[in-house]
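J.: As a plain string of letters, each chain reads:
2 protein chains.
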Amino acid sequence: MVQTKFILQEKDMPQVWYNIQPDLPVPLPPVLHPGTGKPVTPADMEAIFPMNLIMQEFSPERHIPIPEELLELYKIWRPTPLYRAHRLEKALQTPAKIFYKLEDVSPAGSHKPNTALAQAYYNKQAGIKRISTETGAGQWGSSLAMACKFFDIECKVYMVKVSYNMKPYRRIMMETWGASVVPSPSPDTRIGREILERDPECPGSLGIAISEAVEDAVTHPGTKYALGSVLNHVLLHQTIIGQEAKKQMAMADCYPDIVIGCVGGGSNFGGIAIPFVEDKLNGTHKDTRILAVEPASCPSLTKGLDAYDFGDEAGMTPMMKMFTLGHQFMPPPVHAGGLRYHGMSPLLSHLSRLKLIEATAVQQIETFEAGMQFAQTEGFISAPETNHAIRATIDEALKCRETGEAKTILFCHSGHGHVDMASYDLYLRGKLSNYEYPAELVKEAQKGLPKVNV
Amino acid sequence: MVQTKFILQEKDMPQVWYNIQPDLPVPLPPVLHPGTGKPVTPADMEAIFPMNLIMQEFSPERHIPIPEELLELYKIWRPTPLYRAHRLEKALQTPAKIFYKLEDVSPAGSHKPNTALAQAYYNKQAGIKRISTETGAGQWGSSLAMACKFFDIECKVYMVKVSYNMKPYRRIMMETWGASVVPSPSPDTRIGREILERDPECPGSLGIAISEAVEDAVTHPGTKYALGSVLNHVLLHQTIIGQEAKKQMAMADCYPDIVIGCVGGGSNFGGIAIPFVEDKLNGTHKDTRILAVEPASCPSLTKGLDAYDFGDEAGMTPMMKMFTLGHQFMPPPVHAGGLRYHGMSPLLSHLSRLKLIEATAVQQIETFEAGMQFAQTEGFISAPETNHAIRATIDEALKCRETGEAKTILFCHSGHGHVDMASYDLYLRGKLSNYEYPAELVKEAQKGLPKVNV
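Chains as they are written, first to last, in full-length UniProt numbering: chain A, 1 to 454; chain B, 1 to 454.
These are calculated hints, taken from the structure and not from any lab test.
Glycine included, every Cβ here is placed at the ideal spot set by N, Cα and C.
Don't take each hint at face value.
[Unchecked claim] Derived coverage of chain B by chain A (criterion: at least 3 residues anywhere in the stretch with Cβ under 8 Å from a Cβ of chain A; other residues may be distant):
hint: 1; region: 4-11
hint: 2; region: 71-85
hint: 3; region: 172-181
hint: 4; region: 371-377
hint: 5; region: 422-436
[Claimed, not checked] Just a sample of chain A residues kept apart from chain B, beta carbon distances all over 12 Å, derived:
hint: 6; residue: L92
hint: 7; residue: P95
hint: 8; residue: K246
hint: 9; residue: T284
hint: 10; residue: M316
hint: 11; residue: K355
With the hints as constraints, model all of the structure from the sequences given.
T.: Spelled out as structure tokens, the structure:
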């Protein structure tokens, strides 16, 4: 029998998160205060985050221990399995070896609970009673809803309106785990009310929803804000994915030539990639290609400006140096709602700047074609976001068929598509569209980039 | 660290299915031909099933080897994890130890692929090019669709119309795996057309859908029929669940005092229970309670007649001795579509007759309450069918709280509820109903039981 899954036991689970910051050859550019334009201090961020998470955001420690109570909760679904894609390889007639890390097996169906539970834990430690957040497709919101329920914290989710209407199942999941969910823009915040006044039909965006959730945290006592991607501490929590994957690749007696993940804000990609970037930096595996895959219609890494920008639409968050399409850019309504973000994690932007990672952009219909081929060979139905990683994986494997190279490819299967079947329905009926890169809209949005003086 | 999951490696997967027939103290009553009323022969069944599966249906062998090619495919998700429900136990303040076998992790989201793949495999071996089947909630149809795709067999699914309309995501899943799906009753069969003529608004039932699928198989060359529950060979394939669970309970240094599963036709319950019935029969664990849980509105085991009846609405199938509400009984529209069946597996009916298993019936709202408590403690959102097993498990654990007994309870977590969120929405909005046992309708339906002379 050939082995399909590489399975770790609970006792083999990593006990620390890997913080790449001390290993960076050039430190991260400072984060700037939205009011003063000066580098933010931890104290500046206390209005929206608890201090223990802020300290992780700036930590100089290479390894940060995962608290015991959190490890207990990770065991609900971790370690996750690593798969060898035997049947996909055969269908592609490729000499490449394809592996994927299946993060779908969490109760929320994606990698997001890795950080949702961690953030709920640290908020609980800090005495926080209520957390506000935004969500696009709902992967993050549902993960945080579950995490808050486990730690007995109230949870309020601002869900991008177009997703709220298109993905009712995600909304119901959040409510099943006890969260309160409103479509964003909502009448519950000043910013939401202003936008609704200007445009009652506004479909919303992640940028707007972040503005609302941040305002909510700032204006409600005992409430902090939580973000499911972009920030250093979020990617830190996700490094458990790549650390497990390294152990499992060793069980398979392999090391990846290419590591692939889809990127919106960057959390699942960072999670699988950063422990492999560590090996590039320490010289044990210098030549590994690390490939981020984004939607052609929202291509921050491949087409964005490397500039300071806000994380949200209203310009309430600190300014971060990152690849950005402009915080006022409204991405086209692709079904991969989790990838509809104007910016890119500053840490991943930095790795891109240092040429430690590369990026590619793919079109929507092609991602669903890849997802269909994956479902019909490997069985699993994938989230539209994940289909981006599958598309790039198949493309790399097909290149190997041409060149005859037996490369080893590892990708992060970030989530299942069980609640995204309406998107598959459109694909199956030939009603899915591609979206050209909206160059003019981006140019317009980038006019709104903040002026900074560093 | 306490252990949450008990994980087997692929090499630990059972290599045989356990056939209980040779161990039964009293043999199963014969199955009767619908036309002649005489015991059916294997040849009689060849119109709808391939001979290799028919031979399994009647096999006297205790252990039937699982073919190598099938083991390879089982490895897509098997062995499945066994969980200790630490957080649920704590919430219930019970001294009971609760374990569950998580069958959700298959790509189709339930235990059904255990037999779907096996049936597709044997049909392929027999040269069959096309399979017809019925599905209620869609768990079975989607599993067979996936299995047929893996074996390059065409798949036609008759989906009970009320589910077709209420659960579009399941329909889209089947189509994603390449199946053709129609709402039943459909204009594609003579029986469907007749029913539609009498009642164009007929919501359908499993019994009707089975009639259509059987007619389809009989009238299309190269086509056989596949059934996802009820029959001996189906329960045989599912015994891999209980065999794995026994190994995993041993890893946890435990043996269950009570084994629980929900029952419609009986496949997940049979799968987990039968290997434990083996231990009752061979005397190693005589006192294990084995508890089947059914909906109060469709209670074949607890209120049905022990009689010969047809498996389908139109009376096309052989007649089986089973607990039945009458093949013309139309169960109320509970959300656990997979449990809306008039009869009960003849094998499980026989085990009930021999007092080797017991049964209980529960109300719909109470099952969703149980599912909510499970989601909020263990994390996983369960199928409405599975919520029946959770309800009974919680009730047994609460009895332990009263008596102080530290019983060990094992239940089969047969599937996830990701595509059943509309039902949770109704529950959360207080719009879910209970259904009284429809005694008059059952009495009426049972007038239609066939007369037999054995």
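J.: Are the hints correct? Go through all of them and say.
T.: Outcome of the hint check:
1. Check result for the region 4-11 of chain B against chain A: holds, 6 residues qualifying (beta carbon to beta carbon below 8 Å, three or more required).
2. A count of 5 residues in the region 71-85 of chain B with a Cβ less than 8 Å from any Cβ of chain A is obtained; the coverage claim is therefore met, three being the minimum.
3. Counting residues of the region 172-181 of chain B whose CB lies closer than 8 Å to any CB of chain A gives 6, which reaches the minimum of 3, so the coverage claim holds.
4. Requiring three or more residues with a Cβ within less than 8 Å of a Cβ of chain A, the coverage given for the region 371-377 of chain B holds, as 3 such residues are present.
5. With 4 residues having a beta carbon nearer than 8 Å to a beta carbon of chain A, the region 422-436 of chain B meets the requirement of three or more and the stated coverage holds.
6. Listed as a non-interface residue, A/L92 keeps its Cβ farther than 12 Å from every Cβ of chain B; the least gap is roughly 16 Å.
7. No Cβ of chain B comes within 12 Å of the Cβ of A/P95; the nearest lies about 20 Å off, and the non-interface call holds.
8. The claim that A/K246 lies off the interface holds: its Cβ sits roughly 19 Å from the closest Cβ of chain B, which is beyond the 12 Å cut-off.
9. The beta carbon of A/T284 sits about 28 Å from the closest Cβ of chain B, which is more than 12 Å, so the claim that it is off the interface holds.
10. Even its closest Cβ contact with chain B, about 32 Å, leaves A/M316 beyond 12 Å, as expected for a residue assigned away from the interface.
11. No Cβ of chain B comes within 12 Å of the Cβ of A/K355; the nearest lies about 38 Å off, and the non-interface call holds.
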